[in-house]
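There are 2 protein chains.
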Amino acid sequence: MDMEESRARLEEARERFVHELTNHIHLYDISGSVGRLYGTILFAENPMTLDEMAEKTGMSKTSMSTGVRALSEANMVEKTWRKGVRKDLYQTDPDWYKAFATVFIKRWAEAAEMNQRALLETKAKLEQLIQEEDLEKEVQEQAAHDLEKLSEAEAFYDWLNEVTNLFESEAIYSIIPKRTKESPLHRKA
Amino acid sequence: MDMEESRARLEEARERFVHELTNHIHLYDISGSVGRLYGTILFAENPMTLDEMAEKTGMSKTSMSTGVRALSEANMVEKTWRKGVRKDLYQTDPDWYKAFATVFIKRWAEAAEMNQRALLETKAKLEQLIQEEDLEKEVQEQAAHDLEKLSEAEAFYDWLNEVTNLFESEAIYSIIPKRTKESPLHRKA
DNA sequence: ATTTTCATACAGTTTTTTCTGTACAAACTT
DNA sequence: AAGTTTGTACAGAAAAAACTGTATGAAAAT
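From first to last, the protein sequence lines stand for chains X and H.
So the working numbering is basically just the index in the first sequence, starting at one, shifted up by 1362.
So the working numbering is basically just the index in the second sequence, starting at one, shifted up by 1362.
Fair warning: there could be bad hints in the mix.
Stated by the list, open to error - With a cut-off of at most 30 Å between alpha-carbon atoms, the simulated BS3-like pairs for lysine-lysine come out as follows:
#1 H:Lys1499 with X:Lys1511
#2 H:Lys1487 with X:Lys1460
#3 H:Lys1449 with X:Lys1449
#4 H:Lys1460 with X:Lys1540
#5 H:Lys1449 with X:Lys1499
#6 H:Lys1485 with X:Lys1441
#7 H:Lys1543 with X:Lys1460
#8 X:Lys1441 with H:Lys1511
#9 X:Lys1460 with H:Lys1460
#10 X:Lys1460 with H:Lys1468
#11 X:Lys1543 with H:Lys1499
#12 X:Lys1468 with H:Lys1449
#13 H:Lys1511 with X:Lys1468
#14 X:Lys1540 with H:Lys1449
#15 H:Lys1543 with X:Lys1485
#16 X:Lys1511 with H:Lys1441
#17 X:Lys1499 with H:Lys1543
Derived from the structure by calculation, the hints contain no laboratory data.
Kindly produce the complete structure, drawing on both the sequences and the hints.
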């Protein structure tokens, strides 16, 4: 097998995984092409510079800059440092759990909190309205109906808060323990 | 307080909540305007027809049709039936837990499964490559390095699978019980 | 059987998001 | 101090997503 073929097979193997990554990375609020960037950094032998990324992905350096920032915010890549190298260096963060938890918590905890706040305010307004003396029966009934609806949502948000806490407190790992990777042994044929 | 004012205050109260909903509904892979549609249906006195929705939201009937479909797929609205009414009628599904679980599971379980499959195939290809007789040392080292990276991902996906199972099997509700809504009592002033 | 009513597929338009090239400020080199 | 190199802000271009109006087929009413 010549050099070219073996390189091609290596690329092919990597491509299979990267392609799938790009398909699902939007779950992390990250666009497909930035997902591909992640794959590129993942399989790079060494930490990469923005210029190397641009070279490898065929995209602009500007996009690499914004892409890497998005990946950093999701805890998917981290900045590294190497003596004598002036450019920023990036490599993937090996802790997939952290990335998942970061994104999951950031999204749902914020949504739960804000919705809950809005819900309470709406509830307060409705209750105030209902207590008005000379309220038409129709409006009063609708307000009561609204409160009923909202109490369903309220219960859910309470629950959702506890779920996000489960991840934030890392208690989830007591329930479903982290898997330790099995070190891939070099097997002989 | 006249009729107009009380109606306005009702609308204002509802608007506060709906506005917040639209801000976070994208977590369910649903666009803002469809989120607003959800809010409209939520506070409607009765199940709504597509025409009523179009009227209320000021959008086209076509958008109502596609919007309602998206909401149905997320288990957020359900079709109803009323004697003598030929049009389709929709109302919100009161089970917020189900909507959350549906979306959470659909997204992450699919991602986990597909990524895991790609991962195993990539791993197989790399292992095959490594076992080639006359492989350049450099390629071999890179392939080994890749396998190392992938085993980290593999462990995570195993874990993620268990997490989605937690929701799918409803075991999550043993850990964090559903809250029962407190029936809003009509309080006197 | 004909007509009416309804939901939705589809093509084209509008809006939003993503991407690029230029410009510039900060940090480093000489 | 003057000159490079590097990362990113910003405006405009390109691509993607959302929305609308027309058209059509299915179901109900006449």
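Structure-based check of each hint:
A C-alpha spacing of about 66 Å is found between H:Lys1499 and X:Lys1511, which places the hinted pair above 30 Å, so the restraint is violated. Between H:Lys1487 and X:Lys1460, the direct Cα distance comes to roughly 28 Å. Compliance with the 30 Å bound is thereby established for this hinted pair. At most 30 Å may separate the alpha-carbon atoms for a hinted pair to count; H:Lys1449 and X:Lys1449 exceed this at roughly 64 Å. Of the supplied pair hints, the one linking H:Lys1460 and X:Lys1540 holds, its CA atoms being roughly 27 Å apart against a limit of 30 Å.
Taking the CA atoms of H:Lys1449 and X:Lys1499, the gap is near 29 Å; set against the 30 Å cutoff, the hint holds. For the proposed pair H:Lys1485 and X:Lys1441, the alpha carbon gap of about 27 Å is at most 30 Å, so the pair holds. Straight-line distance between C-alpha atoms of H:Lys1543 and X:Lys1460 comes to about 33 Å, which puts the hinted pair past the 30 Å bound. In summary, the hint linking X:Lys1441 to H:Lys1511 is supported, as the alpha carbons are separated by about 18 Å, within the 30 Å threshold.
The suggested pairing of X:Lys1460 with H:Lys1460 holds, with an alpha-carbon distance near 26 Å, which does not exceed 30 Å. Our distance criterion of 30 Å between C-alpha atoms is met by X:Lys1460 and H:Lys1468, whose separation comes to about 21 Å. A hinted pair counts as satisfied when its Cα atoms are at most 30 Å apart, and X:Lys1543 with H:Lys1499 qualifies at roughly 25 Å. Note on X:Lys1468 and H:Lys1449: the hinted pairing is violated, with a Cα-Cα distance of about 41 Å set against a maximum of 30 Å.
Under the criterion of a C-alpha separation no larger than 30 Å, the hint pairing H:Lys1511 with X:Lys1468 is consistent with the structure, at around 26 Å. As the CA atoms of X:Lys1540 and H:Lys1449 are separated by approximately 51 Å, the hinted pair breaks the 30 Å bound. For the given pair, H:Lys1543 sits about 14 Å from X:Lys1485 by alpha-carbon distance, which is consistent with the 30 Å threshold. A C-alpha spacing of about 18 Å is found between X:Lys1511 and H:Lys1441, which places the hinted pair at or below 30 Å, so the restraint holds.
Our distance criterion of 30 Å between C-alpha atoms is met by X:Lys1499 and H:Lys1543, whose separation comes to about 25 Å.
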